[in-house]
Amino acid sequence: MLTPVTDADGAPFWEYAARGELRVQACADCGEPRFPPRPCCPHCQSFAHEWRATSGRGRVWSYVLPHPPLLPDYAAQAPYNVIVVELDDAPRIRLVGNLVTGPGAPLDSVPADRIRIGARVQVVFSTLDDGTCLPQWILERP
Amino acid sequence: MAGNGLKDATAIVGIGQTPFAKQLPEDEKTLACRAVLAALDDAGIAPGEVDALASYTMEETDEVELAKAVGLGDLTFFSKAGYGGGGSCATVAHLAAAIATGQATVGVAWRSRKRGSGPRPWTDTTTQLPTPAQWTRPYGLLRPADEIAMLARRYLHEYGATRDHLFNVALACRNRANQNPAAVMYERPLTREMYMTSRWISEPLCLFDNCLETDGALACVVVSRERARDCRRAPVYVHSAAQGLPAQHHGMVNYWNDDPLTGPAWTAARQLWKHADLTPDDIDVAQIYDAFTVLIPLSLEGYGFCRRGEGAAYTEGGALEIGGRLPVNTGGGGLSEAYVHGFNLITEGVRQLRGTSTAQVPGATGCLVTAGEGVPTSALLLTNRS
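If you read the protein sequences in the order shown, they are chains D and U.
Using my numbering, the letters of the first sequence correspond one by one to residues 1 to 142.
Using my numbering, the letters of the second sequence correspond one by one to residues 1 to 386.
Careful, some of the hints might be misleading.
Computed, partial: chain U to chain D, Cβ under 8 Å [to be verified]:
hint: 1; residue: Lys29
hint: 2; residue: Leu75
hint: 3; residue: Thr123
hint: 4; residue: Pro132
hint: 5; residue: Thr136
hint: 6; residue: Arg137
hint: 7; residue: Pro138
hint: 8; residue: His157
hint: 9; residue: Tyr159
hint: 10; residue: Arg163
hint: 11; residue: Ser202
hint: 12; residue: Arg225
hint: 13; residue: Trp256
Covered by chain U, according to a simulated footprint, are these stretches of chain D (three or more residues, beta-carbon under 8 Å) [unchecked claim]:
hint: 14; region: 55-69
hint: 15; region: 86-97
Going by beta-carbon spacing under 10 Å, a handful of chain D positions derived as facing chain U [stated by the list, open to error]:
hint: 16; residue: Leu22
hint: 17; residue: Gly31
hint: 18; residue: Arg34
hint: 19; residue: Arg38
hint: 20; residue: Tyr74
hint: 21; residue: Thr101
hint: 22; residue: Gly104
hint: 23; residue: Leu107
By construction, these hints were calculated from the structure, which means they are not laboratory data.
We put the beta carbon where it would ideally sit given N, CA and C, even for glycine.
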């Protein structure tokens, strides 16, 4: 499985994820949240930022079911789902993830016919082999 | 020229290409040389007269290698446009700007690619870029097909579009390829049953929603309108040209702005029409970038042929076929002629305006050509009237 190749802007997201927290970058001056993280605020140009806690709740904005040809670790689980989640706290912040039955469950653990645009989801954290914690999502009403 | 800017200041006077196939024996550099020499021969211009080059940042044959191999003259302008297939029309736009402002006199744009027999870019796990890959690839959103399928699912959901609409796109391109002996899919008809029962690539996109994987190269020659009068072929004028990178855009993984379904096409279109004497109603035929079928309805909306959300319905009733409201991709496009990062859409636009297409739209005078949608893009309005 591919692990996140992060950068200075993105690193705090993964550090918070490793503590079981889903946080998004927000401007410390005007308060506007932004994703992906970047050096300064596109609204007020301030370089001051904070990592704002979220409720970890959202809704499925869209999803796909990839089939081979894929990288081997992913082909072994295909067809699996990849979803985009719109956060309740900041509807214009959307995160790519997977819908799973629980932390660490395979990418194909939720039957495809259970996935709907608009479905309410809750974040969970899956630990990868290298110790990285990946935010994943479970259905609020499985 | 003062006050008119780019409008009709330059013309495409030569086009050239190699054969298209899943696998060609020659390397990319050799194919690039063949396409460029073919385009210059078509124009009746000697290689030594070329003083400008433009290509894509993903092009592997650089200016130095190409220029010394085919015997170009002293170059005074050379540029490369980024973002994969989004740069196709920008290559011509850059040459047109350079020639219109006196930086050069004879420009060649080209693309050579062995995507048919070479590696798929997404299989490279060593050059993951931190943004946006850290937010997408670990989850298995690996390929352009997956990234665009995400937008396709949302588009189908928001506007009640169906797979039949995407089939309309695939069918129109395949039908045109069946009229074009140079097309990879020549004499290989597509049926609705084949489409609906084909294997998935990334649901909701199936095999036939995806472009071909092709080896091949193409080129075109751009000169001033004055010089164009002396060339072998009737000039096809660059009427308007634009690039488009919208505010807060995020590349092909464009899920992170206010409205992900309003892509770079909308930005390019505003600039394109603003500087044109033509409107969408004046466009007889369009060559619309089709790495994936869904890009066509999205582009039809972006370039103003219909309103937001109407692109899928626009494809109904044979609208994209010859004789329809807007025939598209009349050589077969990336879906059925060849996928060479959209350069074959430029050359087919030129053929339509010369009256030499294998699926000629009678009396065509205005053609829109677009580059990759989703990624930062570019577009051209071509005309044979000036």
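Against the structure, the hints:
At a threshold of 8 Å, the smallest CB-CB gap from lysine 29 of chain U to chain D is about 28 Å, leaving the interface hint violated. Look at leucine 75 of chain U: its Cβ only gets to about 36 Å from chain D, farther than 8 Å, so that hint breaks. Because the closest C-beta pair between threonine 123 of chain U and chain D is about 7 Å apart, less than 8 Å, the hint holds. With 8 Å as the threshold, the beta carbon of proline 132 of chain U comes within range of chain D, its nearest partner Cβ sitting at about 6 Å, so the hint holds.
About 5 Å separates the beta-carbon of threonine 136 of chain U from the nearest beta-carbon of chain D, less than 8 Å, and the hint is met. Because the smallest distance between the Cβ of arginine 137 of chain U and any Cβ of chain D comes to about 5 Å, under 8 Å, the interface hint for this residue holds. A hinted interface residue such as proline 138 of chain U counts as satisfied when its beta carbon comes closer than 8 Å to some beta carbon of chain D; here the least separation is about 5 Å, so the hint holds. A least Cβ separation of about 5 Å between histidine 157 of chain U and chain D falls short of the 8 Å threshold, and the interface hint therefore holds.
For the restraint placing tyrosine 159 of chain U at the interface with chain D, the shortest Cβ-Cβ distance is roughly 13 Å, beyond the 8 Å limit, so the hint is violated. Taken as an interface hint, arginine 163 of chain U does not check out: its beta carbon lies about 14 Å from the nearest beta carbon of chain D, beyond 8 Å. Annotation: serine 202 of chain U was flagged as interfacial toward chain D, and the flag holds, the nearest CB pair being 5 Å apart, inside 8 Å. For the restraint placing arginine 225 of chain U at the interface with chain D, the shortest Cβ-Cβ distance is roughly 41 Å, beyond the 8 Å limit, so the hint is violated.
For tryptophan 256 of chain U, the suggested interface contact is upheld, since its CB lies about 5 Å from the closest CB of chain D, less than 8 Å. Restraint check on the region 55-69 of chain D versus chain U: 8 residues with Cβ-Cβ distances below 8 Å, three needed, restraint holds. With a cut-off of 8 Å between beta carbons, the region 86-97 of chain D has 6 residues touching chain U; three or more are needed, and the interface restraint holds. Taken as an interface hint, leucine 22 of chain D does not check out: its beta carbon lies about 13 Å from the nearest beta carbon of chain U, beyond 10 Å.
Because the closest C-beta pair between glycine 31 of chain D and chain U is about 17 Å apart, greater than 10 Å, the hint is violated. Interface restraint check: arginine 34 of chain D against chain U, minimum CB-CB distance 9 Å, threshold 10 Å, status holds. The beta carbon of arginine 38 of chain D comes within 8 Å of a beta carbon in chain U, closer than 10 Å, and the hint placing it at the interface holds. For tyrosine 74 of chain D, the suggested interface contact is upheld, since its CB lies about 5 Å from the closest CB of chain U, less than 10 Å.
Interface hint status for threonine 101 of chain D: violated, as the beta-carbon distance to the closest one in chain U is roughly 16 Å, over 10 Å. A distance limit of 10 Å between C-beta atoms decides the matter here; for glycine 104 of chain D the minimum to chain U is near 14 Å, and the interface restraint is violated. A least Cβ separation of about 6 Å between leucine 107 of chain D and chain U falls short of the 10 Å threshold, and the interface hint therefore holds.
In summary, the numbered hints that this structure violates are 1, 2, 9, 10, 12, 16, 17, 21 and 22.
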